[in-house]
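Just need the whole structure built from these sequences, with the hints factored in.
Heads up: the sequence lines are chains A and B, in that order. Throughout the first sequence, residue numbering follows my numbering, covering 1 to 233 in sequence. Throughout the second sequence, residue numbering follows my numbering, covering 1 to 125 in sequence.
Hints listed in this document are in silico derivations from the structure and should not be mistaken for laboratory results. Since this is a predicted model, take the numbers as computed values, not measurements.
Cβ-to-Cβ under 8 Å is the rule here; a few derived chain A residues that face chain B: (1) K3; (2) E77; (3) S98; (4) M99; (5) F103; (6) I105.
Here a beta-carbon is modelled for each residue, glycine too, at the ideal position from N, C-alpha and C.
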Amino acid sequence: MNKILDPRESVISDRLKNVGKIILISGFKGGIGKSVVSVMTALSLSRKGYNVALLDLDVTSSTDDIILGAKNLYPTEDKGLIPPVFEGIKFMSFNFFSMSKPFAIRGSSVVDAIKELLCVTIWGKLDFLIVDMPPGFGDTFFEIMRLFKKFRVVSLYTPSPLSKKIVNKMIPLIKDKNIEIVKIENMSKESGKAKLIYDPELDKSIGNVKKLEKTLLYNDVVKNLNIITGEKL
Amino acid sequence: MHEWALAESVIKTVELNDELKNKKIDVIVGELQDVDIEVFEFALNELMKNKEIKIKLRIVVEESSFKCNNCGFEFSMKEVLKRNKMERENIHFIPEMVKAFVKCPKCKSIDFEIIKGRGVKLSYE
Chain A
1 MNKILDPRES VISDRLKNVG KIILISGFKG GIGKSVVSVM TALSLSRKGY NVALLDLDVT
61 SSTDDIILGA KNLYPTEDKG LIPPVFEGIK FMSFNFFSMS KPFAIRGSSV VDAIKELLCV
121 TIWGKLDFLI VDMPPGFGDT FFEIMRLFKK FRVVSLYTPS PLSKKIVNKM IPLIKDKNIE
181 IVKIENMSKE SGKAKLIYDP ELDKSIGNVK KLEKTLLYND VVKNLNIITG EKL
Chain B
1 MHEWALAESV IKTVELNDEL KNKKIDVIVG ELQDVDIEVF EFALNELMKN KEIKIKLRIV
61 VEESSFKCNN CGFEFSMKEV LKRNKMEREN IHFIPEMVKA FVKCPKCKSI DFEIIKGRGV
121 KLSYE
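Structure representation (structure tokens):
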């Protein structure tokens, strides 16, 4: 019986070799603002002049393009796929390929789709790669831990005791010397260190970058960039 | 030229795995991914030349088949070939996208498996 090898994995670390830092925006519960915070982090880093990319890995429910108001984007081909650039951000999303049609797949297919995208995406030189993670500690998280090896996790939680409980339960599972972890409270009652305020006006800015940049949340993301990135910017 | 990126993954795998040295390797290319074999073969040869790797790779195209998780019906690439050029292009880049565009021809479920012929893999003794 012949042995079978998946060649895609061998090249993924090469694709990421010129990426300064990978930051996963996670938090394990749904609806806690991972996508909005991912987009705002990428946007604020881009505005500060950093080379930044945004990867929406919420495979079946990608929304970063909707938050940004990024329409009609598609990668170009040059010995791989070159992500389109929007507002200075190199941006990659499964929505480019699903043509915004419903895309519902099982766990093993999620892993295959992620590996395929990481195998063929040519990121080039980046200071930061911001990864918008799906909710839960499942296939995507396990696969990313295996493939990326070294990264920072921003674990968002909300003031809800349920959200705090899940974060505190999950964080010990990802303790590794190559993984930095920081907890940040989103939808907080107040602004502050490692706190991003709840902004009741946020929904009105979705799809419009200029409006996003004027929100209280964006202001807090900018103030907390050192905590989010783990760097003195 | 996304075929170049796939070829790079093949050559990198050969470079990294001593087990593959002096082996007859089949590069199995899934029908679903619709790889341009001429371009892919050119990229493999160029990369081997650049890295001074001398190994015989045989490209084998594997037919695709699908099985519905809902009703068990098995179907072929014929369903994929009915899709328009842009949809097939997206499947070419990410084969799982077939699930955004194709449904089980019998029960119309979107929940089906790619049984074989998905993308690129290496087979050796």
